[in-house]
Each structure stands twice: as C-alpha cells, then as structure tokens.
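Student: Sequence:
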Amino acid sequence: MNEAKIISGFSQLLQDSNYSNPSLAKGWAQLDQTLGQLDNEQYRPFAKAIVDWCAQNQPLGDDLRTITVISRSWTPEGSNRQEEELIKKNISIIREQVKEKAKQQQNPSQVPQTERNNNEK
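Residue numbers (the working numbering): 65 to 185.
There could be a bad hint or two in this list.
Straight line, CA to CA, 20 Å or less: simulated DMTMM-like cross-link-like pairs of lysine to aspartate or glutamate [as the list claims (entries may be wrong)]:
no. : residue 1 : residue 2
1   : K69       : D116
2   : K153      : D103
3   : K167      : D96
4   : K163      : D116
5   : K112      : D96
FRET-style restraints, in silico, Cβ to Cβ [what the hints assert, rightly or not]:
no. : residue 1 : residue 2 : range
6   : S81       : K152      : 14 to 24 Å
7   : E160      : A119      : 39 to 49 Å
8   : K90       : R145      : 17 to 27 Å
9   : Q122      : E149      : 14 to 24 Å
10  : Q122      : R145      : 30 to 40 Å
Source of the hints: derived by calculation from the structure; they are not laboratory data.
Ideal Cβ positions, reconstructed from N, Cα and C, are used throughout, including at glycine.
Generate coordinates for the entire structure from the input sequences, incorporating the hints supplied.
Tutor: Pasting the structure below:
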C-alpha cells in the first residue's frame, strides 16, 4: 500500500468531485469519527481507513482505485521530509473536507444551492 498515493488521491477526489449524496450521510460522519482517532503521523492507518471506507461507499472505492492506478508512476519529488510535509498537508485537507461533508449531510440547508441542484439531477 502506498500511503502517499492513497492520501493524495483521496484528497484530490474530494476536491475535484461532488460526493454529497444523501446516502453517504452516515458514512461521512463515520469516516470523520474514524479519522479523528488517528494522528497525522499515522500514515498507514489513515490510508487504510480511507481505503476501507471507500470500499464500502461506492463509487468512491472505484474512483479511488482509478486515481491511484493513474498515479502509479507518480513519486513525490524531493526529500523524505518534503514528502512527509505533503502527506501531512493532504491529511489536514482531508480532515477538513470530511468534517465539512459530514456537517452538510447532517444539515442539508448548509449545502450550497448549486451543489443541491447537482444532486437532484
């Protein structure tokens, strides 16, 4: 398992895609709780939690698999310290995005109108 690719790929998925499906409401809260129990330095458990959660919440599992396969040749440039900083940054971004999605699913009135319109299509 390449933790950097999984964490980076999931961060990218959350930024590039709209996964505010109401059927994921419990899922986002569950992922938020799971990730909240892990430290930012726990790369492997963090990546495993993402993979396990995505596998249970399709199409996220397939999308994550696709994005990590596409990035298979990707390797972070620079030193290990730079790689670590990039992973930590992505972990922080993921935490914020998952927390926001969990909050939006609990209170749909907080979802921006354009996002609600996209979900109704």
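Student: Cβ-Cβ distance between Q122 and E149: within 14 to 24 Å?
Tutor: The hint (14 to 24 Å, Cβ to Cβ) is violated, given that Q122 and E149 are roughly 32 Å apart.
Student: What's the verdict on K167 and D96, does the C-alpha distance respect the 20 Å limit or exceed it?
Tutor: Cα-Cα ~10 Å, so holds.
Student: Tell me if the beta carbons of S81 and K152 are separated by a distance inside 14 to 24 Å.
Tutor: Since the Cβ atoms of S81 and K152 sit about 23 Å apart, the hinted range of 14 to 24 Å holds.
Student: Does the hinted range 30 to 40 Å hold for Q122 and R145 at CB?
Tutor: holds, 36 Å
Student: Is the hinted pair K112 and D96 satisfied, with a Cα-Cα distance of at most 20 Å?
Tutor: Answer holds: K112 to D96 is near 14 Å, not above 20 Å.
Student: Does D116 lie within 20 Å of K163 when you go C-alpha to C-alpha?
Tutor: holds, 18 Å
Student: Quick one, are K69 and D116 close enough, alpha carbons at most 20 Å?
Tutor: holds, 15 Å
Student: Keeping to a limit of 20 Å between CA atoms, is the pair of K153 and D103 held or broken?
Tutor: holds, 13 Å
Student: Taking the Cβ atom of K90 and the Cβ atom of R145, is their distance within the range 17 to 27 Å?
Tutor: violated, 38 Å
Student: Could you say whether the range 39 to 49 Å given as a hint is met by the Cβ separation of E160 and A119?
Tutor: The hint (39 to 49 Å, Cβ to Cβ) is violated, given that E160 and A119 are roughly 23 Å apart.
Consistency note: the structure conflicts with the earlier hints numbered 7, 8 and 9.
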